[in-house]
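Chains as they are written, first to last, in my numbering: chain E, 1 to 331; chain Z, 1 to 331.
Check each hint, because a few of them may be wrong.
Copies of the same chain look alike in the list, so a pair counts if it works inside one copy or between any two.
What the hints assert, rightly or not - Restricting the straight-line Cα-Cα distance to at most 16 Å, the calculated cross-link-like pairs of lysine to aspartate or glutamate (EDC-like) are:
1. 38 x 69
2. 322 x 266
3. 187 x 203
4. 322 x 270
5. 99 x 42
6. 160 x 136
7. 58 x 302
8. 62 x 302
9. 119 x 136
Simulated from the structure, these hints should not be mistaken for lab results.
Protein chains: 2
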Amino acid sequence: MRRLIIIYLLLIVFFVIFVYQYQTDDANNREYQQDPLKGEIEETYVMITYQSGMDYWKRQLKGFEDAAESLNVSVEYRGTTHYDTEEMIALVEQIIAKKPAGIAIAPIDKTAINTVINKAVEADIPVVLFDTNAPESNANAFVGTDHYNAGIEAAHQLAKYIDHNGEVAVMKNKNTDQDRERLEGFKVTIEQNYPNIQLVQIENGDGDQTISKEAMIRIIEEFPGLEGVFATETSSGVGVAQAIINTDRIGDTKIISYNIDKQTVDYIDEGVITGTLSQSFWGTGYWSMQLLFHLEHDLLLDNSGVVNIPRYIDTGINVITKENVNNYYMY
Amino acid sequence: MRRLIIIYLLLIVFFVIFVYQYQTDDANNREYQQDPLKGEIEETYVMITYQSGMDYWKRQLKGFEDAAESLNVSVEYRGTTHYDTEEMIALVEQIIAKKPAGIAIAPIDKTAINTVINKAVEADIPVVLFDTNAPESNANAFVGTDHYNAGIEAAHQLAKYIDHNGEVAVMKNKNTDQDRERLEGFKVTIEQNYPNIQLVQIENGDGDQTISKEAMIRIIEEFPGLEGVFATETSSGVGVAQAIINTDRIGDTKIISYNIDKQTVDYIDEGVITGTLSQSFWGTGYWSMQLLFHLEHDLLLDNSGVVNIPRYIDTGINVITKENVNNYYMY
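Input sequences plus hints: build the corresponding full structure.
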């Protein structure tokens with residue numbers, strides 16, 4: 001009889017411990033939910049781009065997804081089929097109607113899209129622009145590369161490889177804003193920081209490999225001792241590289257290119273192109289997601305009730321040379 | 001006998017459930033630790049500034065602490081007593097020796113501090129600069145206000161309040177880089193965006209209330225219909241406000257000031273100063289901490305092994321007018 005009582009007591013003790021355990025567990029779960037950097041898995045953030053097929057967006061989406069995973073929220077990717085402003089406006093309208101937790105948009109242009117961006121903001125949906133800014137819109141922030149600074153970095157890199165000395169040229173692209181900003185940053189930096197470097201020619205390769213190649217051959221004829229070239233985008237860079245191969249100046253004329261494609265990676269590996277600068281695609285997606293989450297969860301309120309929204313995150317420039325080019329073969 | 005067996009079996013079942021519970025709990029704990037956005041409470045991030053007594057740093061430290069709390073890590077604040085480069089270098093040396101998880105520094109100047117910043121980076125301690133940049137150092141990133149953009153915002157605000165029309169003046173400060181950038185952003189924006197606004201005078205108030213007041217009275221004598229003034233910092237703004245009171249132009253000449261102190265808040269409340277622009281102090285601290293944590297925890301590695309470090313976070317500008325000035329009375 002006494003033994004039975006002991007056993008019953010033991011059973012009761014176990015039961016109490018069990019219930020206690022259970023409740024503690026529950027309390028832990030609740031705390032987890034109150035963690036400011038954790039959302040709900042039903043919370044969906046949408047990334048919208050033009051030309052959804054392009055490889056160009058893949059790493060940006062990966063960064064967006066990686067941040068969402070850390071923050072315990074969900075992601076949807078939508079893109080227009082073409083580079084078509086009307087199609088993009090219709091798509092954004094559609095998505096606003098679904099009331100997502102936030103929208104990251106790579107706008108097609110700097111103005112036509114503003115009305116629909118503002119409509120989303122008025123509907124209390126956080127909007128972050130990435131890749132391209134639309135500064136006149138009411139979007140909450142912009143995440144992307146500062147192309148003027150990219151030009152500054154290109155100047156420093158090229159200067160380093162030619163020992164801060166000699167004649168250099170630029171092979172530019174079409175007259176886009178981004179291209180102009182890169183060129184300007186490059187020019188100003190060479191003029192202000194490198195008195196022994198002469199920028200002897202700026203040629204327009206029109207973003208075309210063959211035009212760039214032929215233009216470069218003419219420049220080499222005129223300046224046979226040319227120490228370096230800055231090519232403001234990949235096709236120009238590849239054209240310049242082919243001219244350097246043709247004129248037998250591999251290693252003598254250093255090339256710094258901008259952005260990255262398969263051919264550029266190969267030429268870096270072979271030592272024809274010295275290096276290229278790449279926007280931080282992954283980081284652009286990652287910080288777009290982080291900002292949207294912070295906006296949606298009111299995490300930017302300080303203790304006096306003021307909302308502190310960053311205006312701009314410059315995701316920076318990665319420098320790709322022979323030493324780290326292997327990381328880029330997936331492009 | 002049979003009853004005893006049943007009871008023993010029950011006991012065994014309870015025991016098994018209990019052990020299982022315990023292990024699940026443990027697994028949950030481990031998962032919590034593996035949460036990428038959670039650190040260890042022993043992990044200490046240090047914020048270093050000059051003149052540690054200044055109110056100026058309080059909100060930046062609060063943002064730093066708030067981010068640390070979300071990320072489950074610890075914060076230490078250290079500052080030099082004076083505005084003294086040697087003292088700051090010695091302090092940073094001391095902190096490097098303690099091997100903290102990361103350091104956020106508001107450097108005294110743009111060059112003298114670089115050696116010790118680079119020493120920290122070489123010792124594998126993440127370094128983020130905030131408030132003031134030292135662009136030639138190897139610091140991982142900069143978090144702060146872009147003063148050129150602050151000037152652009154000042155121009156848009158002033159233009160809005162004077163209906164895009166009329167004569168305006170600028171009361172500038174000493175020739176600091178930040179002041180020059182704000183002035184430049186303001187000038188360029190007025191010239192390019194507002195053809196009906198004439199910038200009739202730029203006067204140097206030397207950051208002094210009395211000098212600014214007297215200079216402003218002279219400007220009003222010369223341009224009695226002056227519609228607006230941009231004062232590039234608080235003392236100039238207060239001086240301009242006093243001149244506007246003296247010349248009986250309250251509400252007729254609109255004032256946009258820059259930064260915030262008690263007197264500016266009062267004048268906004270009384271309608272003498274129309275508005276002022278404030279750096280996002282809290283956001284500067286918050287994002288400095290976030291970046292340091294991301295660097296220390298290798299969270300910026302993308303799937304191809306490339307580290308994507310943002311170059312710069314522009315924490316933006318808060319516009320303070322009569323409508324929201326109550327939030328700023330704690331200054």
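Now the hints, each set against the structure:
For a Cα distance limit of 16 Å, the shortest separation of residue 38 from residue 69 qualifies both inside one copy, at 10 Å, and across copies, at 13 Å. In the homo-oligomer, the alpha carbons of residue 322 and residue 266 lie at most 16 Å apart inside one protomer (10 Å), although the nearest pairing across protomers, at 60 Å, exceeds that limit. Only within a single protomer do residue 187 and residue 203 lie at most 16 Å apart by alpha-carbon distance; the minimum there is 13 Å, versus 32 Å between protomers. When the C-alpha separation of residue 322 and residue 270 is checked against a cutoff of 16 Å, the pair qualifies only within one copy, where the shortest distance is 8 Å, while the shortest distance between copies is 63 Å.
For the identical chains of this complex, residue 99 and residue 42 are intra-copy neighbours only, at 12 Å inside a copy versus 41 Å across copies, given an alpha-carbon limit of 16 Å. Taking the closest pair of Cα atoms, residue 160 and residue 136 come within 16 Å of each other only across two copies (14 Å); inside a single copy the shortest separation is 38 Å, beyond that limit. When the C-alpha separation of residue 58 and residue 302 is checked against a cutoff of 16 Å, the pair qualifies only between copies, where the shortest distance is 12 Å, while the shortest distance within a copy is 35 Å. Within a single copy, residue 62 and residue 302 get their C-alpha atoms only as close as 31 Å, which misses the 16 Å cut-off; across copies the closest is 8 Å, which meets it.
Taking the shortest Cα distances, residue 119 and residue 136 sit within 16 Å of each other inside one copy (14 Å), while across copies they are farther apart (42 Å).
Of the hints listed earlier, there is not a single one the structure fails to meet.
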